[in-house]
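**Student:** Please arrange chain P on chain Z, whose structure you already have, making use of the hints.
Chain by chain, the residues:
Number of protein chains: 2
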Amino acid sequence: MHGAVMDIGPYTFDQFKEKAKEFHGFPAPGLMLGAYMVEYAKTLMPEDAVYDAVVETGKCLPDAVQLLTMLSVGNNWMKVVDLGRYALSLYDKQTGAGWRVYVDPAKLKEWPLIESWLLKTVPKKEQDTEALLAQIQAAGHTVCSSQPIQIHSRFLEPAEKRDIVLCPQCGEYYPLQHGNVCRGCQGSELYNHRG
Amino acid sequence: MHGAVMDIGPYTFDQFKEKAKEFHGFPAPGLMLGAYMVEYAKTLMPEDAVYDAVVETGKCLPDAVQLLTMLSVGNNWMKVVDLGRYALSLYDKQTGAGWRVYVDPAKLKEWPLIESWLLKTVPKKEQDTEALLAQIQAAGHTVCSSQPIQIHSRFLEPAEKRDIVLCPQCGEYYPLQHGNVCRGCQGSELYNHRG
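Chains Z and P supply the protein sequences, listed in that same order. Going by the numbering used here, the final residue of the first sequence carries number 195, and the count climbs one at a time with no gaps. Going by the numbering used here, the final residue of the second sequence carries number 1195, and the count climbs one at a time with no gaps.
So that you can see chain Z by itself, here it is in the shape it has in the complex (with noise of 0.2 Å):
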C-alpha cells in the first residue's frame, strides 16, 4: 500500500513476532505497533545518547521498548506512567531532552483496522487479526507523529537513599521510607488472606 515494507530494527516483521511470542505469549497487535514506534523513537534521539523511556499506557507497549532496548521495568531504566495514550517517549539520562512517539488520530484514517482495533469498536470476536497485523506491517510508525519533550526534573533526581529495617508486624525487611510499618502491613489490599 505504501512502498516497502518496514524492519523493525535489526528484525524482520515476521523475526520479531516470533520475539514477541516468546516474550508476551502472542504477537499482540500493539506490541508490533508498538515496536515500530519504538525504533522509530530511537532514531530521533542524538547517536551518542544514553536515554531512559517513559511509556504512557500499561498495555503491550512497554514491552516494545523491554525487547527493543536495555530498558526494563526492573532495572528502571523505563518507568510506565499510565495516561491511557498510546505514546512513549526517550529521554537523555543527563539533560531530559528526548522526544515522544504517539498515535496521530489524523494519521488513522487511511488504516480503518488499526483505527478500530485501537478504538476497541469491533468486537475481539469478530477482529480479523491476520489483516489488521498486515495493515500495521505497512502502516509502521507513519501512524505516529513526534514531538520534541523535556521530562519533568523528577525523573532525573537520583534514587533516594533507603534505610532497610525490619517490619515490626510481618518481620520482613522494608525501606523504613515507607512507614513504620511495611505497606503491605499498612493495608495494601493485595491479599485476602496469607498462610
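Simulated from the structure, these hints should not be mistaken for laboratory data. Please note that the accuracy of each hint is not assured.
[To be verified] Sample of chain P residues facing chain Z (criterion: CB under 10 Å; computed from the structure):
| # | residue |
| --- | --- |
| 1 | Leu1067 |
| 2 | Arg1085 |
| 3 | Asp1104 |
| 4 | Ile1164 |
| 5 | Pro1175 |
[Stated by the list, open to error] Just a few of them, taken from the derived set where beta-carbon distance is under 8 Å, the chain Z residues facing chain P:
| # | residue |
| --- | --- |
| 6 | Gly25 |
| 7 | Pro105 |
| 8 | Lys109 |
| 9 | Ile164 |
| 10 | Ser188 |
| 11 | Arg194 |
From the three backbone atoms N, C-alpha and C, an ideal C-beta is built for every residue, glycine too.
**Tutor:** Just chain P, lined up with the frame of chain Z:
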C-alpha cells in the same frame, strides 16, 4: 557451602547471567536471587495451574519474572505493587489461590554478603560483586520462605470495557473513564515541556 549448586530452571547460573545481561544490562544480584525465587515459586504451584504474578518491589525482581515466565508488564499477567518487600506471588488466574515467596531475614544470617547487600550497609563501591554472586549461587532459594496466599479479589476481576475517545485538549485518544480530558492534560507532571 550448602551441597550442590542449583540451576535456575532450564539454565545454569552462568547461562542465566548471560540472559540477565542481555535483557537487564548486567547480571544484577537482585535479578540473580530473584531468578531462584521465581523458579522456587513455580515448583510450589500445581503442575497444570495457569497463573499470574504479583511482585512486591519494582527493583530487579520483575525482570526475573519476565525472563522465566510468559508473564510481563505489557501483557498485564504480571503486576508490580511496590510494597518495598523482596517478594513475589504466583496465583491461579481462576481461583486466586497461590504461593508467596519472600526473602526470610532469619535465613539470611548465614549469608552475610547477601544480607549486607539487601540492607545496603556496604557502599556499592566497596561491594565485592563476584563474592556476592557466589553466595547467591550457593544459597539459591534457601534464603527464602514461602506461604500460601489468596490474592485479593480485585486482581481476578475482568478488565473493564473502556470507551476510547479523543481528548478535547491534546487531540489524542484516551479512555473516557479517566475523565473529561486525558490524564496527561489533567496534569501528570510527566513533562516540563512538549514541543
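**Student:** All hints are to be evaluated individually against the structure, with a verdict given for each.
**Tutor:** Evaluation of the provided hints:
{"no.": "1", "hint": "Leu1067", "result": "holds (9 Å)"}
{"no.": "2", "hint": "Arg1085", "result": "holds (5 Å)"}
{"no.": "3", "hint": "Asp1104", "result": "holds (8 Å)"}
{"no.": "4", "hint": "Ile1164", "result": "holds (5 Å)"}
{"no.": "5", "hint": "Pro1175", "result": "holds (5 Å)"}
{"no.": "6", "hint": "Gly25", "result": "holds (5 Å)"}
{"no.": "7", "hint": "Pro105", "result": "holds (6 Å)"}
{"no.": "8", "hint": "Lys109", "result": "violated (13 Å)"}
{"no.": "9", "hint": "Ile164", "result": "holds (5 Å)"}
{"no.": "10", "hint": "Ser188", "result": "holds (6 Å)"}
{"no.": "11", "hint": "Arg194", "result": "holds (5 Å)"}
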